[in-house]
Amino acid sequence: MPSINLLPRDLAPKASFIKASGAIRKLTTLGVIALLVSLGVSIGLFLIISNRLKVSTARKEQLEQNIKALQATEQKLVLIKDRLAFASDVLARPSGVEEAKAIQELVGVFPEGVGVKAIDIKPDLTSASFQTQDSLVLTQMMATIVSSGIYKKVDLMGINFIPATGFTASFNLTN
Amino acid sequence: MTFLGANLRVVGGPVVFLLILVGLTIFVINTGFKQISQVQNKLTESQKQEVVLASKLDTLQKGRESFENFSDLSVIAIPDKPPTAVISSQLKTLAGTGGVVITKISGTAQRVNDSPLQSVEVEMTFEGDLNQALGYVNMLPSTLPLLMIEEVRLSGQESVTRTQMKLAAFFAPLPQTLPAITTAIGDISEEEKGLLTKFSSYSQPTFSSAELAPGGPYERVDLFNF
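Chains as they are written, first to last, in our numbering: chain A, 746 to 920; chain B, 2 to 227.
None of these hints come from the bench; they were simulated from the model. Just so we're clear, the structure is a prediction, and the values are computed from it rather than from any experiment. Mixed in with the good hints, there may be bad ones.
[Unchecked claim] Straight-line C-alpha distance at most 25 Å; calculated PhoX-like pairs for lysine-lysine:
hint : chain 1 : residue 1 : chain 2 : residue 2
1    : B       : K35       : B       : K49
2    : B       : K43       : A       : K813
3    : A       : K826      : B       : K194
4    : B       : K43       : A       : K805
5    : A       : K867      : A       : K846
6    : B       : K82       : B       : K93
7    : B       : K105      : B       : K93
8    : A       : K846      : B       : K105
9    : B       : K93       : A       : K867
10   : A       : K759      : A       : K771
11   : B       : K49       : A       : K813
12   : A       : K862      : A       : K846
13   : B       : K167      : B       : K93
14   : A       : K826      : B       : K82
15   : B       : K63       : A       : K826
16   : B       : K43       : A       : K862
17   : A       : K826      : B       : K93
18   : A       : K846      : B       : K199
[As the list claims (entries may be wrong)] Listed next, with one range per pair, are the computed distances between beta-carbon atoms:
hint : chain 1 : residue 1 : chain 2 : residue 2 : range
19   : A       : I907      : B       : E128      : 24 to 30 Å
20   : B       : S143      : A       : L881      : 36 to 42 Å
21   : B       : D81       : A       : K799      : 43 to 49 Å
22   : A       : T889      : B       : T109      : 18 to 24 Å
[Claimed, not checked] In silico negatives: residues of chain A with every beta carbon more than 10 Å from chain B:
hint : residue
23   : N750
24   : G776
25   : D827
26   : T884
27   : Q885
28   : K897
29   : K898
30   : V899
31   : I907
32   : N917
In this text, a Cβ means the ideal position worked out from N, Cα and C, and glycines have one as well.
Between the sequences and the hints, there should be enough to build the whole structure, so can you do that?
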């Protein structure tokens with residue numbers, strides 16, 4: 746028997762609304778499925794990462810224990826590094842070490858008959874006075890200072906002659 | 002109105018469900034992402050620390066023996082207390098080797114700025130011939146504790162050269178704490194090894210201030226029995 750709808754046609758929903766409703770329902774169903782899948786994936790991912798974190802923390806604790814057992818060795822290493830940092834600082838400071846070596850080298854190549862009256866060594870500068878009785882030796886000595894190449898800069902500060910003691914030549918020497 | 006009501010009834014329910022779904026999805030994504038990224042960050046941090054700790058452990062295990070030997074040498078180079086006594090002993094020992102006669106040694110403690118590295122100024126006077134005096138001066142930079150030549154004044158009087166010298170010796174307090182266990186610590190670098198090798202060839206004191214122990218008084222059982 747055919748069904749008879751006695752309601753007026755105006756009261757029934759429009760076909761386009763029924764179609765839209767069906768589309769929204771399908772979209773909602775797909776959305777729910779997608780949500781459940783992503784929820785599952787997220788929970789899985791969370792558990793995997795948490796497990797890895799647990800393993801990593803355990804390994805870290807083991808390493809920390811092993812390092813604590815070697816604390817005395819660590820102290821020594823820290824001490825060495827601390828002391829060497831200070832030592833490097835000291836060695837980097839200006840010192841008269843090079844100047845002392847240079848003047849010893851210079852005195853070693855002086856001609857016979859030259860005496861040292863005074864030497865004043867400071868970092869970066871050496872002031873020295875040398876004595877000789879002979880003017881020829883004085884010339885040789887001055888030539889030696891210049892030609893030895895030990896000093897980059899040689900300043901003759903003065904020459905004195907006193908008959909009793911001979912010639913005294915004063916220099917500022919810079920290497 | 003009735004027309005609108007029928008249409009709304011058809012579409013309203015699914016739209017409400019869709020809106021709830023969208024809200025739920027936003028909530029789940031927001032919360033889930035936060036949780037996962039937090040755990041991931043913790044894992045990354047933990048793995049980084051693991052690498053640092055493994056490297057530190059390896060350094061400590063491999064260098065165990067050399068650190069034992071070098072730590073003493075480094076403390077001799079820069080002691081923790083004013084090394085005046087050790088320096089005086091060193092200067093006297095070297096004077097014997099260098100053939101000069103020391104006539105005066107004095108030491109004053111002084112601080113270098115705000116740095117923990119402090120210095121002792123040592124003034125000394127010695128006599129010997131010129132070559133001996135210069136030889137002696139040049140021995141000092143190869144001596145431990147480390148010395149710095151600040152000024153040397155040589156004055157010649159015939160065969161005897163009188164030398165006045167200002168030196169600086171250094172000391173610094175020892176480190177009080179170890180760095181955090183997760184702090185990376187590198188092995189001794191090539192530059193540091195070079196310094197240690199150089200120091201091991203330097204003239205070292207026969208005693209250090211750390212080894213000094215009181216020589217008495219000792220307990221006497223019978224006070225009247227000397």
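Hints not upheld, ascending by number: Violated: hints 16, 17, 22, 24, 25.
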